[in-house]
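Now for the letters of each chain:
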Amino acid sequence: MSRWRRLLIALLLGAVVLASCWAIHPRLLRAAANWLDVGEQPRLAGYVMVLNGGEDTRPFAAAALVKARWARRALVAETASPPEVIDRILPPYHEINRQVLLKRGVPADDIVILPGAAATTYDEAVALAAFLQDRPGARVLVVTNDCHTRRSRWVFTRVLGDRARQVSFVSAPTDEFSMDCWWQSQLGLQSIVTEYPKLAFYAARYGCLGYWLAACGVLALVAGWIRRREAA
Amino acid sequence: MTTKRKRRIVVLAVVVAAVCLFHAPLLRGLAGFLIVDQPTGDYDCVCISPWGNNPNGDRCYDVAADLYRQKPSCRILLVAPDPNRLEKIGAITSFASMSRRELFARRVPQEAVSVLRGQRWNDWATVQTLAAWMRDHPGHSVVLLCGQFHSAQLRRAADAVLEPGDAASVRVRALPNRDYDDTNWWTRRCGYRAFGGHWLLRIQGWLGGGAAAQMPERNADDYERSFLQAFQEKTP
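Chains A and B are the protein sequences, given in the same order. Per our numbering, residue -3 is the first one in the first sequence, and the count goes up by one each step. Per our numbering, residue 83 is the first one in the second sequence, and the count goes up by one each step.
These are computed hints drawn from the structure, not numbers from a lab. Where is the CB? At the ideal position from N, CA and C, for every residue including glycine. Hints are supplied without guarantee of correctness; some may be wrong.
Pairs of lysine to aspartate or glutamate residues, derived as EDC-like cross-links and limited to a Cα-Cα distance of at most 20 Å, are as follows [stated by the list, open to error]:
| # | chain 1 | residue 1 | chain 2 | residue 2 |
| --- | --- | --- | --- | --- |
| 1 | B | 153 | B | 126 |
| 2 | A | 63 | B | 304 |
| 3 | B | 170 | A | 91 |
| 4 | B | 170 | A | 171 |
| 5 | A | 63 | A | 130 |
| 6 | A | 63 | B | 303 |
| 7 | A | 99 | B | 303 |
| 8 | A | 99 | B | 299 |
| 9 | B | 86 | A | 226 |
| 10 | B | 170 | A | 172 |
Residues from chain A that keep clear of chain B, each with C-beta distances beyond 10 Å, as calculated [to be verified]:
| # | residue |
| --- | --- |
| 11 | 10 |
| 12 | 12 |
| 13 | 56 |
| 14 | 133 |
| 15 | 210 |
| 16 | 211 |
| 17 | 226 |
Build the full structure now, drawing on both the sequences and the hints.
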């Protein structure tokens, strides 16, 4: 087959794939959002941990779990301070979470602040690991937004190792955009699309993705070298 | 190795070397697509809007107070969204109250501040609120403050929503973050997060999206009730 003919077929195939994707893009995009949500049914636990961010949803869900007696106490990791917190324009994010828990009826004695300066989900997993060090039997529900549960579960499993069995993840639904058309909203786009590069970054930074990519590169080089030798 | 292959390798090496050598201007150029910074010119209003629970633009209150001192006859406009759940239960101060407090601390009198009610989390809603005010107060020129990487997107929304005459009298002032700007964003985590996030919004804007209205927020009781109902109220 001539080179031009191969190119033409590849172009045609590409066009067909693109057209098909466009035709079913709402279904694809919905599936892409749903894949990120690995939240589970809550189970009875000693603690519910509110991950920082999503202050308008996560602490409300955590408060509901405490009040419905799915968990007895709430955990919040202390956060690092962005500029608006340094300028004292806004309170630190962990303080906002604590305030919501208090206002929604969780007693002050039942709110535990995990020390540190967490700036990422990884930092929060480290803070929880330290907390669970001398509580081998404690069960924890981790509450975060639906599209954040997959990455959180991945990183918590990585950090906690065997103790990850003590932890389960509960999705706090986002009500500022619809999961059926998230790509039309600014917040929806930021929440869903950025999760994928973040997942890849976490896999490379805290997981084995880098090694896998290096191994694939070496394999490709070896395959190319063998093919060239055979051709010669 | 054939000559053709050698040539390909040399070209690839040259491209890689050039990218390494000139990465700073290349990355600055990419950030340039996100930035519109217009001279303030002859203004009589300065507008501050929110981005989430935060003000849009680092040190925007300092800049607004400086602009007020340069021209004490000007007004400060706050595009303040309807209170959200956090504000309704008193967990945080409302954007309007917080902004008034910060401006007052910078010696801007309360009489110089006007609050325009708008929607949260949407550039189009911010600009629509401003457009409604400009229809009622024709002939004003407004300096719209915002984060540096947010400025091109806000400019685009302003051009799409405002009447052409009003759009020309709105100037966008891009405020760099103290931790990063267009010259060093790739060296800091918060920098490349902001860069990526705002490029997404830019692409969404080019594709014609982003203007969808935010869904009405449930109150705290309704949110908690529906959250628990999702688990079929299997109360222990």
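So, going through the hints one by one against the coordinates:
| no. | hint | verdict |
| --- | --- | --- |
| 1 | B:153 - B:126 | holds, 8 Å |
| 2 | A:63 - B:304 | holds, 14 Å |
| 3 | B:170 - A:91 | holds, 17 Å |
| 4 | B:170 - A:171 | holds, 16 Å |
| 5 | A:63 - A:130 | violated, 26 Å |
| 6 | A:63 - B:303 | holds, 12 Å |
| 7 | A:99 - B:303 | holds, 12 Å |
| 8 | A:99 - B:299 | holds, 18 Å |
| 9 | B:86 - A:226 | holds, 19 Å |
| 10 | B:170 - A:172 | holds, 16 Å |
| 11 | 10 | holds, 20 Å |
| 12 | 12 | holds, 22 Å |
| 13 | 56 | violated, 5 Å |
| 14 | 133 | holds, 18 Å |
| 15 | 210 | holds, 18 Å |
| 16 | 211 | holds, 22 Å |
| 17 | 226 | holds, 16 Å |
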